[in-house]
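The task is simple: from the sequences and hints, build the whole structure.
Line by line, the protein sequences are chains A and B.
Residue numbers for the first sequence follow the working numbering, so the first one is 1 and each next one is one higher.
Residue numbers for the second sequence follow the working numbering, so the first one is 388 and each next one is one higher.
It is possible that part of the hints are untrue.
[As the list claims (entries may be wrong)] Covered by chain B, according to a simulated footprint, are these stretches of chain A (three or more residues, beta-carbon under 8 angstroms):
hint : stretch
1    : 224-232
2    : 238-245
3    : 254-262
These are computed hints drawn from the structure, not numbers from a lab.
None of these values were measured; they are calculated from a predicted model.
Yeah, the Cβ is synthetic: ideal placement off N, Cα and C, and Gly gets one too.
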Amino acid sequence: MPILRIACSASIAFFGGAAFAQGASGPIKIGLMLPYSGTYAALGNAIENGFKLYVQEQGGKLGGRDVQYFKVDDESEPSKATDNVNKLIKRDSVDVLVGTVHSGVALAMAKAAKDNNTLLVIPNAGADAITGPMCGANVVRSSFSNWQPGYAMGVVAGQKGVKRAMTITWNYAAGAESTKGFTEGLEKSGGKVVKDLNLPFPNVEFQALLTEIAAQKPDAVYAFFAGGGAVKFVKDYAAAGLNKTIPLYGPGFLTDGTLEAQGASAQNMLTTLHYADNLDTPKNNAFRKAYAIAYKSQPDVYAVQGYDAAQILANGLKAVGGDLTKRDALAAAMRKTAVDSPRGKFTLSAAGNPVQDIYLREVKGNNNEFRSVAVKALADPARGCKL
Amino acid sequence: MDTATFLVQCLNAVQYGLLLFLVASGLTLIFGIMGVINLAHGSFYMLGAYLAFALAPWFGDWFVTRLIVGVALAALFGYVLEWVFFSFLYERDHLQQVLLTYALILVFEELRSLSFGNDVHGVPAPSWLTGGFSLGGLMEYPWYRVFASAACLVVALALYAVVNRTRLGMMIRAGASNRDMVRGLGVDIRRLYRIVFAGGVALAALAGMIAAPLSSVYPGMGSSVLIICFVVVVIGGIGSITGALIASLLVGFVDTFGKVFFAEWSGVGVYVLMAIVLVWRPEGLMKRGF
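As structure tokens, this is what we get:
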């Protein structure tokens, strides 16, 4: 037994030494925790594609170091999130975590990242809390907060003369955060939300609430739904003839990736998001071309968020010369970076959320076309963040 | 709430209730009459919706033909499924039925993902059913919803007639109350069950096909109807077609008016209704009355 013990401790010393040496030279270990199965599988793939596209453009290196990927399918399952993230942190001892789409899973990741002092870049999940009460010096987000598109839409609605609006969403956190943003934006530009309608997730029987809207006759309706619910709501709204008299507004998710199914019922709808399909900037055109060549498909907002997650990390690594032992300096540098994104240039707030232009888009055919900048350089209020 | 709005809400409630009945009636046949806990019933609903999506390009405006072809395919599928899997379950306990039918949910979801992907797809309504009519200047009511309600009513009546007025229905009722005695009298009970199961699958698929233009087709759509179907079946009395109809309408009303008056609590309204009914009549509204 002593021999075995010596062998064990020798191997620990060896591997421990190797791990330490990696801090300065070996490959940088990146843990991708994304949904590769289930409803959000397409989003997870788009994020990974975007991330890897940026790394390839840098010659396969970040901050002068090779990149090694570790992948875990989070299944968009919050109950498995802590176990999954610990596989990457403890088993694979990754240097940086990237993930994820589902807000409940991302909240668990943020907690684990803070507990273990691991860097985390969130490429989608919009829960306000991540860059609010839960914010941390080692956590940044390359996407948006739920509050942001909602607020921008509220401002635009007010400018269009909306005095009385109603909101409708599922009774869950993302919906509440988004409609709260809309309410604040609308109040800022002179209107008021007279009633918030909601129904339990994932109920899609909207007829009773549409009747309620028809009876109250507001100036506009703001809706937050996603996936099958978004398709059905937009179609039911049009079928009830309400879109002729009461404009329907929403965050971009109401019409992103769903236009083929929504068909005629979504035409000319206005939504707000930090990206639009036909942003005509050199950066976006170059990105779309490179993505189409690499993956034989068109990129979407999720691919952009993945691309920018890599970019934030690369900028931080550049600032510390690729030295991962300077973790605090790296985290600080990632936060101070200016990102030249396909969506337009943006910076990060103290809480780690993008300070970005939110665009007003109009549905034309199967595209969400850019119309104007709804709010310039919009920062999330980051309520409850003590950074 | 003025009278016009109230009446429209009642219409909404009836319409939702009828569509619920169509899915739940298939479940009450399988669950109540055959005694199989079929968690995969929602998957049959999804199967119907995706059949509608897949068949749409082939039939265009021949909507009724599309429904008939879809129902026939679904019935055939149900017949084979009973033969291969469910026929081995009748003698076993409920846990094994739950295991098998839960596994089927996973298999069907994966097959759906492989053959249609994970995107949401719209299913066109036939052009002769597009548009709507005005309801008291309040809002438009799509013709397709009227058609869906009418179709559900027709199915309800047909089902009632078959179960209560035909020889097949008599055998089904007899088989439900005493399986061994019916077999003793020379009825091929295995084949009878196979037909009932195929009928249950066909009803769920028909509901899915009718709902598809309204709801679109998307991953996990089956699981959303499964729970509410069990609620309907339990409230109505397990195995009772009439009970399922009454329960569906009750659930429709509670859900619709719950959303309007108690938005924050609308999620629990239906379950409160179920609890009250079960305290009052533990066997459901109709006790095997058909």
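The hints, checked one at a time:
no., hint, in the structure
1, 224-232, "holds (count 5)"
2, 238-245, "holds (count 4)"
3, 254-262, "holds (count 5)"
When the structure is compared with the earlier hints, no violation turns up for any of them.
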